[in-house]
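Line by line, the protein sequences give chains A and E.
When the count follows UniProt numbering, it moves up by one through the first sequence with no breaks and lands on 335 for the last residue.
When the count follows UniProt numbering, it moves up by one through the second sequence with no breaks and lands on 335 for the last residue.
Read the hints as simulated data drawn from the structure, not as lab findings.
Careful, some of the hints might be misleading.
All copies of an identical chain are treated as equivalent in the list; a pair is satisfied when it fits inside any one copy or across any two copies.
Claimed, not checked - List of simulated lysine to aspartate or glutamate pairs, DMTMM-like, C-alpha gap at most 25 Å:
1) Lys46 to Asp9
2) Lys8 to Asp88
3) Lys8 to Glu321
4) Lys231 to Asp265
5) Lys32 to Asp122
6) Lys46 to Asp88
7) Lys332 to Glu261
Number of protein chains: 2
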Amino acid sequence: MEKPPTIKDVANLARVHAATASRALNPSTRAKVSTRTANRVLEAAKSLGYAPNSAARSLRTKTSSVAGVIIPDLRNPVFPPIVRGIEDALREAGYMALMGNTDGDEERERELLLAMRGRQTDGFILATGRRNDPQPEDRVPTVLVNRRTDSSEIPSVTNDNNAGVHATVQMLAELGHERIAHVAGPQALSTGWERYRAYLDAMAAHGLAVDPEWVTYSEAFTEEAGYEAAKRLQGGVTAIVAGNDLIALGCYSALEERGLECPTDVSVVGFNDMPFANRQRPALTTVRIPHYEMGLEAARLLLERIADPTAPAKRVILPVELIRRASVAAIKSVH
Amino acid sequence: MEKPPTIKDVANLARVHAATASRALNPSTRAKVSTRTANRVLEAAKSLGYAPNSAARSLRTKTSSVAGVIIPDLRNPVFPPIVRGIEDALREAGYMALMGNTDGDEERERELLLAMRGRQTDGFILATGRRNDPQPEDRVPTVLVNRRTDSSEIPSVTNDNNAGVHATVQMLAELGHERIAHVAGPQALSTGWERYRAYLDAMAAHGLAVDPEWVTYSEAFTEEAGYEAAKRLQGGVTAIVAGNDLIALGCYSALEERGLECPTDVSVVGFNDMPFANRQRPALTTVRIPHYEMGLEAARLLLERIADPTAPAKRVILPVELIRRASVAAIKSVH
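One chain only, chain A, in its complex shape (with noise of 0.2 Å):
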């Protein structure tokens, strides 16, 4: 078997000293040689198929040039563009993601914690906070993304769920719709909770009664839950405000269940803007979140928190746009 070729081989071949091959090829100190220097370098490890060992490097610098990502599920559709977003922001300084799913269960999470800083895992964007997280032990750099803490002291990348929340409100009762139900998402999360008392706000804002027969809480952001928690809703309403497009998704199913159309007999909104929201039957009116930019701004807080640990924590809120599409109808008769 021939031997694997080393950063002497590639130095050789780039005609440079190996310390400099060695600042050429660590995205970290690229910066230092010039960038004709760099390509050479980067040409030569290429055309040897060199690839440094990260492990020596982990042990000498203490950095492995690895961010863990930790998700509640990839099948949730909002999740893979964000994903997307995480990876190709880290790619861009040299970093990989290392995944992991928790489907919410807190003790798969910190197994997965565990496992990823066994592995020197640099920092860590999580989608999987809960309202009431503490602040992470140890030092090691961490963002949230999607949800926050109720604490200000992580770094968190969110969407402007009370904005978005209150357009939506705001576009029903104008459409004449007074009876406005809200099938809320679970009240651990910040999302569940800050749509959730967006609603409460925004309904007293347009002068709404809020029964509590029209508010149900779906236990947990799927299809299912959300089925469940609309088949409790009572009251004869007559638009529904989901805690997010998959729980909108389930409102369908109890609507039709019950023999009630949409949006004909009930309009129904989501939020997120999930991929095919648009291709739902009806086309599902939610609240557009930049999911692939979320993204991007995690990993560069990430980065940022990496570089200097003990930067402010920044909470980056990220606008919303209400998508108005087939769910939504102006209300058929006052009652």
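Mind docking chain E on chain A? Use the hints.
Same frame as chain A, now just chain E:
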């Protein structure tokens, strides 16, 4: 700052020798200690927040318990459940996945492979295979998922493309269709090529002629490319076998643009049964592939291969199932 706990601290707390603690903490040697001891050590490690130093272990054992997973684009809905299956099977074996997207760019794929090898990746699972890809030069264990190469030297997990397309053509023939078109996927990919070949075979098997005007080629497995290819169809076809579900959605758009209704005027069948295929308008008839199981199987093949790199290269072909939905109908009238 406190010193991080060491393996000795864990061993002391669990009242075992350091070597035993080390064996219990390493998934590949855990079977050498009793379950009770292993659990005690794992509990001790957890309570101390012990993170084994994998970089040191990587240098010593030349393995990292990390696998590289490279796919075209996580935003294609066929990949998230495959990736999830891969991760679940890897995790059971104490492995984690480093993730990368190529957008089908071969240069980007080479860079990713190099960067992942530099991180001591023990093996690769690639969903990016092209039919004419060479055998990897080095001996890093590699498994292909969903797509395979023409040569049989690399283990692979694919679907029964042939049976899926045969079932599709048979259903359409039984509904009275004769002018059956094919909007094929890229022919450099096994999925595109095998389904195209199966279409020709199945048409011949049913005694149906194929007019060259009824076959067009999509440049990519995307909705946009499928739309462009579907626009080039000629010859008054009454049914379309699409290369995959995204291409089928492109066919929907092209038909709508020509004022044709699916399924009244033209039936459309996809391939993959991607998430939300049932929620399209009309609900898409398609061939269901076992996404999650493909991922599980690919990870198992890789782990086998890592354990014994000289074992014969298995090719696993998983069964598929035709799922009939609203996008197909009996032919309106015989021309």
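Structure-based check of all given hints:
1. Lys46 to Asp9: Cα proximity of Lys46 and Asp9: one copy only (12 Å, versus 43 Å across).
2. Lys8 to Asp88: Neither way: Lys8 and Asp88 sit 31 Å apart in one copy and 40 Å across, limit 25 Å.
3. Lys8 to Glu321: Classified as neither: same-chain Cα gap 54 Å, cross-chain 55 Å, threshold 25 Å.
4. Lys231 to Asp265: Cα proximity of Lys231 and Asp265: one copy only (16 Å, versus 38 Å across).
5. Lys32 to Asp122: within (22 Å within a copy, 31 Å between copies)
6. Lys46 to Asp88: Result: close within a single copy only, 21 Å intra versus 33 Å inter.
7. Lys332 to Glu261: within (12 Å within a copy, 30 Å between copies)
Violation of the numbered hints given earlier is confined to hints 2 and 3; the remaining hints are satisfied by the structure.
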